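Chemist: Using the sequences and the accompanying hints, generate a full structural model.
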Amino acid sequence: MGKLEINRVQKSYGQAKVLKEVNISLEEGGFLVLLGPSGCGKSTLLNMIAGLEDISAGEIRIAGETVNDRSPKDRDIAMVFQSYALYPTMTVRQNIEFGMKIRKIPSKERSAAIEAAAEMLQMTDLLDRKPSQLSGGQRQRVAMGRAIVRNPKLFLFDEPLSNLDAKLRVDMRTEIKRLHKRLGTTIVYVTHDQIEAMTLATQVAVMKDGIVQHLGVPQEVYDRPANVYVAKFVGSPAMNIIPGKLVDSEAGATVAFTLPNGKVGRVSGIALSDEARRRYQDKPVLVGIRPEHFTPTKGEGINVGIDVLEPTGPDTLAVFSLGGVEVIARLEPFATAVGEQLCLAVKTDKVVLFDPETENRLN
Amino acid sequence: MSRSIPVKDRIGHFLPKLVLSPSLVFVFVGVYIFIAWTIWISLSSSRMLPKYDFVGLAQYVRLWSTPRWHTAVENLFIFTSLFLIVTILLGLFLAILLDQKVRAEGLLRAIYLYPMALSFIVTGTAWKWILNPSLGIQEVVNNLGWESFAFDWITSPTFAIYCVVIAAVWQSTGFAMAIFLAGLRGIDSSIIKAAQIEGAGLPRIYASIIVPMLRPAFLSVVVLLSYISIKSFDLVLALTNGGPGSSTEMPSTFMFTSTFRRDQMGVGAASAVMMLMTVAAIIVPYLYSELKEGGHEH
Amino acid sequence: MSTDLVSRQCYRLLGRLVIYGGLVVLAAFYLMPLWVMAVTSLKSLDEIYGGSFIDFPKLVTFDAWAKAWGTACIGTVCDGLKPYFLNSILMVVPAVILSTAAGAMNGYILSKWRFRGANIVFGLLLFGCFLPFQVVLLPMAQLLGRLGIAGTIPGLIFVHTVYGITFTTMFFRNYFVTIPDELIKAALIDGAGFFRIFFSIMLPAALPIIVVSCIWQFTQIWNDFLFGVSFTSGEASPITVALNNIVNVTMGRKQYNVDMAAAMIAAMPTLVVYVVAGRYFVRGLTAGSVKG
Numbered sequence: 001m002g003k004l005e006i007n008r009v010q011k012s013y014g015q016a017k018v019l020k021e022v023n024i025s026l027e028e029g030g031f032l033v034l035l036g037p038s039g040c041g042k043s044t045l046l047n048m049i050a051g052l053e054d055i056s057a058g059e060i061r062i063a064g065e066t067v068n069d070r071s072p073k074d075r076d077i078a079m080v081f082q083s084y085a086l087y088p089t090m091t092v093r094q095n096i097e098f099g100m101k102i103r104k105i106p107s108k109e110r111s112a113a114i115e116a117a118a119e120m121l122q123m124t125d126l127l128d129r130k131p132s133q134l135s136g137g138q139r140q141r142v143a144m145g146r147a148i149v150r151n152p153k154l155f156l157f158d159e160p161l162s163n164l165d166a167k168l169r170v171d172m173r174t175e176i177k178r179l180h181k182r183l184g185t186t187i188v189y190v191t192h193d194q195i196e197a198m199t200l201a202t203q204v205a206v207m208k209d210g211i212v213q214h215l216g217v218p219q220e221v222y223d224r225p226a227n228v229y230v231a232k233f234v235g236s237p238a239m240n241i242i243p244g245k246l247v248d249s250e251a252g253a254t255v256a257f258t259l260p261n262g263k264v265g266r267v268s269g270i271a272l273s274d275e276a277r278r279r280y281q282d283k284p285v286l287v288g289i290r291p292e293h294f295t296p297t298k299g300e301g302i303n304v305g306i307d308v309l310e311p312t313g314p315d316t317l318a319v320f321s322l323g324g325v326e327v328i329a330r331l332e333p334f335a336t337a338v339g340e341q342l343c344l345a346v347k348t349d350k351v352v353l354f355d356p357e358t359e360n361r362l363n
Numbered sequence: 001m002s003r004s005i006p007v008k009d010r011i012g013h014f015l016p017k018l019v020l021s022p023s024l025v026f027v028f029v030g031v032y033i034f035i036a037w038t039i040w041i042s043l044s045s046s047r048m049l050p051k052y053d054f055v056g057l058a059q060y061v062r063l064w065s066t067p068r069w070h071t072a073v074e075n076l077f078i079f080t081s082l083f084l085i086v087t088i089l090l091g092l093f094l095a096i097l098l099d100q101k102v103r104a105e106g107l108l109r110a111i112y113l114y115p116m117a118l119s120f121i122v123t124g125t126a127w128k129w130i131l132n133p134s135l136g137i138q139e140v141v142n143n144l145g146w147e148s149f150a151f152d153w154i155t156s157p158t159f160a161i162y163c164v165v166i167a168a169v170w171q172s173t174g175f176a177m178a179i180f181l182a183g184l185r186g187i188d189s190s191i192i193k194a195a196q197i198e199g200a201g202l203p204r205i206y207a208s209i210i211v212p213m214l215r216p217a218f219l220s221v222v223v224l225l226s227y228i229s230i231k232s233f234d235l236v237l238a239l240t241n242g243g244p245g246s247s248t249e250m251p252s253t254f255m256f257t258s259t260f261r262r263d264q265m266g267v268g269a270a271s272a273v274m275m276l277m278t279v280a281a282i283i284v285p286y287l288y289s290e291l292k293e294g295g296h297e298h
Numbered sequence: 001m002s003t004d005l006v007s008r009q010c011y012r013l014l015g016r017l018v019i020y021g022g023l024v025v026l027a028a029f030y031l032m033p034l035w036v037m038a039v040t041s042l043k044s045l046d047e048i049y050g051g052s053f054i055d056f057p058k059l060v061t062f063d064a065w066a067k068a069w070g071t072a073c074i075g076t077v078c079d080g081l082k083p084y085f086l087n088s089i090l091m092v093v094p095a096v097i098l099s100t101a102a103g104a105m106n107g108y109i110l111s112k113w114r115f116r117g118a119n120i121v122f123g124l125l126l127f128g129c130f131l132p133f134q135v136v137l138l139p140m141a142q143l144l145g146r147l148g149i150a151g152t153i154p155g156l157i158f159v160h161t162v163y164g165i166t167f168t169t170m171f172f173r174n175y176f177v178t179i180p181d182e183l184i185k186a187a188l189i190d191g192a193g194f195f196r197i198f199f200s201i202m203l204p205a206a207l208p209i210i211v212v213s214c215i216w217q218f219t220q221i222w223n224d225f226l227f228g229v230s231f232t233s234g235e236a237s238p239i240t241v242a243l244n245n246i247v248n249v250t251m252g253r254k255q256y257n258v259d260m261a262a263a264m265i266a267a268m269p270t271l272v273v274y275v276v277a278g279r280y281f282v283r284g285l286t287a288g289s290v291k292g
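Protein chains in written order, with the UniProt record's numbering: chain U, 1 to 363; chain A, 1 to 298; chain H, 1 to 292.
Don't read these hints as lab results, they were simulated from the structure. None of the values given here were measured: they were computed from a predicted structure. Hints may contain errors.
As the list claims (entries may be wrong) - A few chain U residues facing chain H, derived, Cβ under 7 Å:
1. Lys73
2. Met79
3. Ser83
4. Gly99
5. Tyr222
6. Gly265
Unchecked claim - Derived DSSO-like pairs: lysine-lysine, alpha-carbon spacing no greater than 30 Å straight-line:
7. A:Lys17 to U:Lys104
8. U:Lys263 to U:Lys208
9. U:Lys177 to U:Lys283
10. U:Lys108 to U:Lys130
11. U:Lys17 to U:Lys232
12. A:Lys292 to U:Lys17
13. U:Lys73 to A:Lys17
14. U:Lys283 to U:Lys350
15. U:Lys17 to A:Lys17
16. U:Lys101 to U:Lys3
17. U:Lys153 to U:Lys73
18. U:Lys232 to U:Lys208
19. U:Lys20 to U:Lys232
20. A:Lys193 to A:Lys101
21. U:Lys101 to A:Lys17
Just so it is clear, CB atoms sit at the ideal spot from N, CA and C, and this is done for glycine as well.
Modeler: Written as structure tokens, this is what we have:
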């Protein structure tokens, strides 16, 4: 088990910079999720932690030791891959045993470790099968078993659930979480699925274009995204980003939106520093409101006309137009009907504001 | 996305190249250095033994003023075009027939393809016997009652080259068929269903949809058959030995006889270089396109 | 309605008839030379000169086979094909093993340990597959002479190995490319090195392509004539050269039955391989057309 430190790490292929100064520190026993779309550099970063790719600049430390120049086998890590990467000609037992054999662990200890891992992952009866005889979920288990027996300082997961179907993905997610609780090993986990990030992580690093956009605990990333990109990437449906204007008001910061009928709607009481209020007074801002932070009200609110309703079961997504963009609100089923006018209140303490130019958060 | 996998250890870093290089050196010497060497000889006055002087293009001038070489080039042209056309048509026909969910497909395929497993020398020997006018096909047909039937191409300077075509087609059709069949099997069957729903008949579907989709297969077949025909040597030697006279001479046999039988090493080298240039003109663009679009996947 | 149905069934039947008719006629065409070779080799010379070449022999005799194998004259030596058959085996076995082993290693490196310029190296190797060998005959003869293995079986083994590597490398490289890189990464993290990964993981997974490569090389080298006739003479010749000599150099009445028996003997090993492992043979054949 160990702490992971990534200090000013860069990666470039010739002229192309794939990673631009990444700084991440993960406490011992932490669960870091690298989240981002394909091509954002998250897998490259993971491969660099594993030692499968060179580090162009900066340093990576595992348990306090710089590992830049160590080969993968000397880093005391284990890795689980998206394609499982099980050796096709070996049985499950041989797959799990392979790394231990190379490390010359006595055969008695090997068998004990295999038995223990198999029991933990409930795959004792699969040990003598070949990977081709296993289902996707079973292969995933074997891949995890192979990592567990190594008892490493650091577990690396590279999109481990992407090849599974939706139902199995949820089950395996729970299993990984349970495993983390039980073993307490530090984990770095790469995914493009924001739900996996939210459910598993103790820390999330949202990445784009080789830059960490936001590093923080999941709830913070969700509630107070560092910029518009993070706001839109995390959460489904995504956070609404509505163009508005900061106007003068007594009750905290107030933003004004243009309604489709030409009138103006206002949301007041947004927390914002005095300095920012002065700077953005009467200037355009981007207003971020999560769909669940709209509620129908009899009192004061914004009047909108509902264009489309999408029932999802537990709740209904209502689509309307505000500030010139399409906005989604998560409402209770049957709260409204298409074509109806609805007055919506906004949970103002959850509203975040962004600069329209830099797209960074203001408050 | 297959990126290099760097290994930190110093030895580890060079190990792959170290292991690769010995065989690579042999192959590169055997291919590229030897090509250069042959070009060099073709620019020298070598006759019986190699002589490393420089006479410019004199050997090429000699080559192109040799009537036997003209026959060889002419024959190559006749042979290649006929061999390609017949083999492709027959191979495609067989592939389409076999693709109709026929019984015993495996057996039939094996029958069409087995000649590819034979040596051209064996093929030549067999066909020489079959085409021989006094005891072969001609005799059989004559005995059946068609007394005037004559099939003595193999002894005729004008027609002997067509005998080579027959034997070569017999040997190579299975190869064309195999590639076309692989191409046909790769076509999404829902396309055929879609066309059937639109009311197209089977011949129509093949002519306007499926055969055009086989373009990559056509390309491969044309390139590989051209290569086979340019280098074909054993078959000619075994079937006609270049004769009657020098009527079935081909560039490959010309090169061999000039070099090893007539002590005209320079001319032989020049003819070999001409062959190489012809092959390169076909193969290099083909390899280039295959490597480029094929990329790393497949 | 019903007549429509009947006519449609008629069409279907007719279509099937055309398909099977075409297939059977062509199958007969492709089988005919083999048949002719077989029956001729089993006839006596008198029957050949007296009867039809396509008929089954009235009296089956293996004399021609015995003669082709043991006593037919090649040049001035009358030992039949036997010594040359042995030559071919002594040449084929090492050449197949060497070229396949080297190709497997090369393919592994070119697909899994890619370095700058690996694709160019591969492209240059591929061109070697299409080399018209006439262009290397002269220098190779010189080199073999200098190495002191001109006109010998080891010389032929060397030549076939060098030019075979181009094909075997292509086979293995294209096969290994389809094995996910993650497998290598997993093995690296497990602590396996370059050779360990090759022998423990890649090679066991490459069994089918090893068979393809061996069969392809076996067929190519066994059937080769150009190198054999260029670099050897007399007693060191491979079987194809000996066969050609038997057929082309005869005095007196031409012994077609011996010629055909000799051709059958020369064809037998590759035919057996084809019958036993045809699937792999076809794979090697079509591999030349889909490179990537």
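Chemist: With reference to the structure, classify each hint as holding or not holding.
Modeler: Hints, one by one, checked against the model:
no., hint, verdict
1, Lys73, "holds, 4 Å"
2, Met79, "holds, 5 Å"
3, Ser83, "holds, 5 Å"
4, Gly99, "holds, 3 Å"
5, Tyr222, "violated, 31 Å"
6, Gly265, "violated, 52 Å"
7, A:Lys17 to U:Lys104, "holds, 28 Å"
8, U:Lys263 to U:Lys208, "violated, 38 Å"
9, U:Lys177 to U:Lys283, "violated, 45 Å"
10, U:Lys108 to U:Lys130, "holds, 22 Å"
11, U:Lys17 to U:Lys232, "holds, 25 Å"
12, A:Lys292 to U:Lys17, "holds, 25 Å"
13, U:Lys73 to A:Lys17, "holds, 22 Å"
14, U:Lys283 to U:Lys350, "holds, 21 Å"
15, U:Lys17 to A:Lys17, "holds, 27 Å"
16, U:Lys101 to U:Lys3, "holds, 27 Å"
17, U:Lys153 to U:Lys73, "holds, 12 Å"
18, U:Lys232 to U:Lys208, "holds, 12 Å"
19, U:Lys20 to U:Lys232, "holds, 22 Å"
20, A:Lys193 to A:Lys101, "holds, 15 Å"
21, U:Lys101 to A:Lys17, "holds, 27 Å"
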